[in-house]
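Novice: Each chain is listed here by its residues.
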Amino acid sequence: MPGLLSSPVCLTVIWFLSWSLRPSCAQIQSDEVLDIQYGHLESNVTLACGQSQIRTTVVWRHNQSSVLPWHTVTSDGRLVLLHVDHSAQGHYSCYDDRGLLLHSISLRLGYPPGLLSVSCQVPNHTLVRCSWEESVRTFLPAQYDVSYRGNGHEWRPCVVDVARRRCDIDHPSFWQTIHTMRVTETNALGSETTYVRFKLHELLKPDPPESVLVKELQGYPRRLVVSWSFPSSWPQHDAFPLLFHIRYKPQGSMYWSEIFSKESPAVIFDALAGHFHHIQIRARDDVNSDSQWSEWTLSSPAKPWEVFTTPEPEEEEFFTDDVVVSITKPETSTAKTYNPEFEDEGNLGLVILLVLFSVVILTTVLSLIFVVWVRQRRRDHVTKQELTSMVKMKSMPI
Amino acid sequence: MTLTLDSSAKSGAIVYVMVQYLPLSADSLLLDSSSSLLFSLLLAQLPVFTLASPVPQRRPSDMDKLSNQTKNLMKLTQDLLREHAFDSDVEPHRFRSLPEMSNRSANDLSNLELKPTLSQLHADLKLYEHHFEWLNKVSKKHHHPAVPKLVEMIREMKSLINLLHRQMLRVEAPRLPPATPSLPPHLTYQFDVLQSSHELLQHFKLFCDWAYRAFLTLKPKASAVQ
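These protein sequence lines map, in sequence, to chains A and B.
Just so we're aligned, residue 1 is where the first sequence starts under the UniProt record's numbering, counting upward by one.
Just so we're aligned, residue 1 is where the second sequence starts under the UniProt record's numbering, counting upward by one.
Heads up, a few of these hints could be off.
[What the hints assert, rightly or not] Using 25 Å as the maximum straight-line C-alpha spacing, the simulated DSS-like pairs for lysine-lysine come out as follows:
1. B:K71 to A:K205
2. B:K115 to A:K262
3. A:K205 to B:K65
4. B:K71 to A:K262
5. B:K65 to A:K199
6. B:K141 to A:K262
7. B:K65 to A:K262
8. A:K262 to B:K75
9. A:K199 to B:K221
[Said to hold, decoys possible] Short derived list, chain B residues pointing at chain A, Cβ under 7 Å:
10. F95
11. M101
12. R104
13. L109
14. E113
15. H143
16. P145
17. L194
18. H198
19. Q202
20. Y212
21. R213
22. L216
23. T217
Rather than coming from a laboratory, the hints here were simulated on the basis of the structure.
Predicted model, so just to flag it, every value in this text is computed and none were measured.
Note that the Cβ used here is the ideal one computed from N, Cα and C, for glycine as well.
When you get a sec, could you build the whole thing from the sequences and use the hints?
Specialist: Here it is in structure tokens:
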């Protein structure tokens, strides 16, 4: 027997039989795997039972069930699904009257692409990240072709991340007035191109500052030292200075005070003694005032140094910061006492000014007194001389 | 001879008498009530003036002057754009000979060379000067309200060009041959003037932005040369 099976004639017969039987089964299998049909939701969809014209009656099944969505079957065996909705999606199979599988189709329903809603983020001068959302949900897989160009220049491709529906432009020509982006969405039902125009210099919005740290300043119950670092996405280069906006308020207060600074650290001079404060920082490109402020950092709580029995040390400037102070809320200045609640050591300048003013007044008064005294002395002297002359005159013989 | 002295005599008279009877000394100066008062006040003011005057400031370098003047121009441009807002995303692209900005990227700013950059900026500014002078002429014809500010801008631009030229001479940067501007034909309508003005200002604002950053970058290099 093994000898018979291995004979060339028998092998040829087996090969011929397998070759002649293969197509019918394989066709169905490949159809089952490959034949995906896409249809437009809310319209009529026609499914054909294979390629050949079928003259016998066919039976259609939907996901192995004989219950079909609203439909009709044409005389040539085509299944027409009427005004389809999502429930009509799935696996369709047609069988002949003997129950033999003739054809299988996977039906996916959706819409052709519509215009996209494209938005771009510009976290620094070297990166533009654009992402998009469908204005019409298509329910179908899509491909995107994205390109961009500066005003009056050629189109350049933008590398697409399909899964995240976004593309990145590295090192754009930033100093051009207008850029145009072209996003073409293509799915099985059609294609649509969306054009967007944007101004990079207006979209520029840094990431928030990082490593925010708020510390008390030993010996100063109304000061807080705020330090931070540049956003890591921002280039650390002289050409790209940032302006920082710091806002702070005592816990429970509704009103923010604010200061602006170009460098870290900055000192808050008018914190409310003995109270916790919330401090936040944001950043903006210092050169381009049309650009946007970053988001605020998370609130950093901090409390100024508290006085117990230690007297305040001599006023010394620890920081030579170039902070531009602009307090939105008018500060209520209080007399300087040892009571930590009312200690007003923040207004050193004012105190110096008052002292100087007192010195001026005192000097003026002293000068006046001196002048009056000199005048009086002079008058006495003159009177004395007058008297002497009179005496002399009296003693003179007439 | 009787010498009488009126007690109600004015200070001038008193001073006269004092001068007559006192020897000339340092005291005699103090006797003048008005001058002594003034002297005391001045003395008292001395510490105030000392404190009020800022710490002897570092003289701004030429590059500082250049960057400050550029910032000033940028502000003027922004003011003009704001005051004569013309909201349009579509630019007519009338000016074909404006300095090319598409080839300037952020990375280039890190690798700028002093002399070629100064020369290029000078040539660019001269080109803008031509364009703005043209715009000024056209705006005058159409009685555009932006004319006074445009005149001020051109003046500031010339000042920046002069500063830059001085700096170029100092570092021996060559002067590039002037480019020929291709200006649009005569503008018939007020709308065309508005559009052109908007386009030119938008371009110039971005140019100033780049130029300012370039001056910031070049500052250490310029100090090293001088």
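Novice: So, against the hints stated earlier in the document, which numbers end up violated here?
Specialist: Hints 2, 3, 5, 6, 9, 10, 14, 15, 16, 17 and 18 contradicted; others consistent.
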